[in-house]
Amino acid sequence: MTKQVEQLEQVVIRFAGDSGDGMQLTGDRFTQETASFGNDLSTLPNFPAEIRAPAGTLVGVSSFQLHFADHDILTPGDTPNVLVAMNPAALRANISDLKPGATVIVDTHDFTDRNLKRAGYADNPLEDGSLDTFRLHAVNLTSLTVESVKAFGLSRKDAARAKNMFALGLLSWLYGRPVKSTEEFLTRRFATNPAVRDANLAAFHAGWYFGETTEGFAVSYQINPAPMKAGTYRNVSGNLALSYGLVAAGVRSGLPVFLGAYPITPASDILHELSKHKRFGVTTFQAEDEIAGIGAALGAAYGGSIGVTTTSGPGIALKSETIGLAVSLELPLVIIDVQRGGPSTGLPTKTEQSDLLQAMFGRNGEAPVPIVAPQSPTDCFDAALEAVRIAVAYRTPVMLLSDGYLANGSEPWHLPDIETLPLIDPGFATAPNHETESGDRAFWPYQREPQTLARPWAIPGTAGLEHRIGGLEKADGHGNISYEPANHDLMVRTRQAKVDRVADTIPPVEVDDPSGHAELLVLGWGSTYGPIGAACRRVRQLGLSIAQAHVRHLNPFPRDLGDVLRRYDKVILPEMNLGQLALLLRARYLVDVVGYNQVRGLPFTASELEEVLTTTLKEMSS
Amino acid sequence: MTTDLTPSGLRDVPVSDVQSSRKDFTSDQEVRWCPGCGDYIVLAAVQSFLPSLGLKRENIVFVSGIGCSSRFPYYLDTFGLHSIHGRAPAIATGLATSRADLNVWVVTGDGDALSIGGNHLIHAMRRNVNITILLFNNRIYGLTKGQYSPTSEPGKITKSTPAGSVDFPFNPVSLALGAEATFVARTVDSDRAHLTEVLTAAASHRGTALVEIYQNCPIFNDGAFDVLKDKDEAAARLVRLQHGEVVRIGDREWVHDAHAPNPSQAFEISRLDDGTMAQVPIGIFRQVSRPTYDDQVREQVHLAKSREGEGDLAALLAGRDHWTVAE
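These protein sequences, in sequence, are chains A and B. The numbering used here puts the last residue of the first sequence at 692; the count rises by one with no breaks. The numbering used here puts the last residue of the second sequence at 393; the count rises by one with no breaks.
I should point out that these hints are in silico values taken from the structure, not numbers from a laboratory. A few of these clues could be false.
What the hints assert, rightly or not - Some chain B residues flagged as far from chain A (calculated, every beta-carbon gap over 10 angstroms):
(1) L76
(2) I150
(3) R165
(4) R303
(5) G316
Claimed, not checked - Listed next, the stretches of chain A that the computed footprint assigns to chain B, with coverage defined by at least 3 CB atoms under 8 angstroms from CB atoms of chain B:
(6) 347-355
(7) 616-629
Stated by the list, open to error - Dumping the calculated SDA-like pairs for lysine to any residue here, alpha-carbon to alpha-carbon at most 20 angstroms:
(8) K346(A) x V367(B)
(9) K250(A) x W389(B)
(10) K122(B) x F513(A)
(11) K122(B) x T532(A)
In this text, a Cβ means the ideal position worked out from N, Cα and C, and glycines have one as well.
Could you build all of it, start to finish, from the sequences and the hints given here?
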């Protein structure tokens with residue numbers, strides 16, 4: 071049977087099921103197939119904090135959204151064109167995000183009275199006409215799966231578990247995805263269990279053939295590869311890219327990397343990933359608590375390692391005192407905060423730009439810390455290197471603010487040429503640096519480098535540099551304890567000046583204003599880059615002018631930021647918080663930055679920002 | 067009964083080729099403890115004892131927390147890190163794990179180690195990180211001017227307990243044994259010979275060595291250990307533990323086995339003092355060999371490198387699933 075093939079520019083697919091249905095894995099594999107096909111893509115996993123919430127309930131629904139296209143895209147998409155729902159709860163939890171005309175593929179197996187009731191349906195939506203505005207494919211995926219794997223002697227329950235691979239096979243056919251990477255993956259993953267391996271492969275193939283042969287699917291779709299710069303690519307999530315950035319920082323500095331961490335969502339994957347890379351001289355320490363995680367990292371930094379700690383908002387709260395100690399000791403340290411919804415335990419698996427003010431001010435005393443925020447999953451790699459560069463060059467703790475959306479979202483990554491990555495010179499102190507009045511050579515731990523104001527990094531084991539440092543105020547230069555008023559004033563100002571000087575080494579703000587005469591600037595930081603960028607493109611397609619700038623260094627700001635802000639009639643700043651960067655900008659530059667704020671645990675959609683921007687432009691012109 | 071207690075805790079620390087003296091280990095900082103403080107005696111003992119280790123001075127690091135005793139590092143001409151309250155064991159864990167060539171000491175007090183830092187203390191001991199912890203126990207908060215501590219006796223009247231403390235105290239030796247420590251000892255600030263003997267054994271122990279030092283605070287808890295310092299009283303009250311030697315208390319006697327794999331006997335001995343100090347065991351309660359955390363971590367890194375070779379960054383970044391876009 072020859073089927074019609076329809077050409078599309080882009081598609082948004084959402085896989086949804088119980089948290090035990092393997093939806094994240096299904097999404098990952100579809101993403102990998104799509105990446106290797108050469109589409110541009112962006113993904114958004116969305117899952118509950120509970121590992122296995124009660125089966126069939128709305129709270130237990132886990133989903134994975136993927137946007138792929140024949141052109142460059144910036145977000146995982148606003149509304150799915152296709153929803154794959156593995157049970158009634160998955161249908162009910164997601165159906166309202168779809169527009170009429172969308173395709174809905176439903177596994178009918180669990181549409182029993184009991185499960186419908188559990189999902190909150192009074193009537194069966196497959197039969198009551200409520201899905202009439204959609205292109206509905208109601209298929210008993212589970213039964214088809216069980217049938218297709220009969221030969222492998224699995225229990226019915228185990229056989230049914232392969233239904234996600236059946237669904238993946240069907241979708242792979244529908245969108246003409248290359249299947250080799252999934253076949254290889256399944257072969258690898260279940261290498262020790264041949265029956266399960268063969269069943270998953272069989273279910274995957276059966277799903278493909280089902281699409282090809284059944285009349286229910288009359289059309290398949292083609293989405294051409296996106297034009298991309300020549301080079302080698304892979305798909306990466308933010309947490310993976312961030313981990314690689316830290317490994318790369320070790321390689322480019324020649325120093326061992328020491329991660330001290332306590333498990334916390336959504337940062338734990340960095341601990342898991344780094345624990346695999348011992349051959350790069352990476353040591354991971356799973357500490358007894360958040361405080362010990364950063365304490366050990368600081369101890370390792372004192373000994374000459376790149377000390378790193380990874381956590382999320384609640385962990386930062388616990389680490390605050392040690393960050394303050396690192397400010398006082400003036401040792402390099404990288405603190406990675408994968409932000410999530412707060413306050414308190416908040417929304418562990420959901421994203422939020424929750425901690426900018428905590429990163430900025432969450433310590434006692436005047437304790438400035440440079441802050442870097444990546445803008446996309448792949449940018450997490452470069453941001454990690456940048457954080458290490460600043461930490462080492464300025465002998466200071468540096469905060470890196472990622473978030474749940476960047477951490478778990480993924481996109482294609484144009485692999486960097488290793489030789490072009492920045493080199494990081496630890497510049498350890500090797501000899502006494504001061505001549506005393508009596509003419510002896512001495513080591514002064516707080517004698518600074520005039521350009522950066524950085525103090526020497528003098529690691530134990532270096533003869534002649536024995537010295538004592540601590541959290542008590544130190545005298546300028548020789549570093550002995552000092553309670554002298556003028557000295558404290560000097561040291562507080564010097565520590566601030568040192569962090570301010572980081573701005574000497576950061577690039578000016580890049581403003582994207584194709585028309586060159588925009589009057590409205592939309593500013594952002596962190597993970598909002600994608601939706602803001604996508605919204606700006608849409609606004610420009612409407613023939614309107616708008617300028618976009620994204621702030622990567624949040625402390626200190628780029629030197630020209632104030633001038634950039636003042637250049638525009640109006641500055642609008644979307645943030646997934648109640649206006650934390652806006653507060654800093656208004657205080658610093660006395661510019662009337664207008665916030666657009668949502669804290670729903672989800673990233674902005676391009677369409678809502680498009681609406682906000684066009685409305686603002688209309689108001690400005692009237 | 068013999069246990070192989072090698073390798074030494076100092077195995078990987080470079081040895082000095084010059085003879086050093088107490089003076090070499092004395093920093094130029096003025097010591098700022100109160101007159102009569104037991105810390106002076108311990109400092110003098112440590113300064114005098116360190117040269118006997120024969121190590122390169124620059125490879126010795128003292129890490130402390132907060133409290134009177136935590137000022138200790140400032141007065142030693144080694145590397146020193148005066149950190150924050152309770153966290154010294156965590157900081158020392160990172161340092162010792164990342165640097166096998168360092169001789170790492172933690173100096174702490176009863177409040178620092180057993181109250182605010184209790185968690186880090188027990189986890190350092192169970193992991194058996196190669197560090198030596200000197201726990202100065204004066205049974206009071208000194209630097210905050212006289213509140214009861216986690217080792218203060220029940221009913222103690224202090225600034226924060228005018229009606230008497232209703233907290234039940236820790237026995238630090240029992241706690242350490244319960245936390246799987248491989249080296250646990252107790253000594254007294256006033257007995258310099260005993261202090262030095264215990265410190266020597268602790269320094270050469272591979273793993274976490276916990277040494278509780280009874281130390282007098284002349285300002286806020288003066289005389290807390292006087293009954294152990296009076297010659298006659300001490301003879302009756304102190305139970306001196308020596309591995310392999312007979313211990314006699316009343317009509318009981320046994321051979322002390324600090325190397326016993328099972329800590330039960332050591333724990334029983336630690337309970338001899340019921341809080342009245344009628345019988346106070348001092349010396350090494352337990353000294354056994356167990357693989358250390360830091361050695362095993364370094365071994366895993368070493369193995370990964372020798373099995374798989376040094377990491378190839380380009381290959382790591384490319385991963386398994388990559389694709390190429392042509393010009």
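### Task
Please write out, lowest number first, the hints stated earlier that are contradicted by the structure.
Hints 2, 3, 7 not satisfied by this model.
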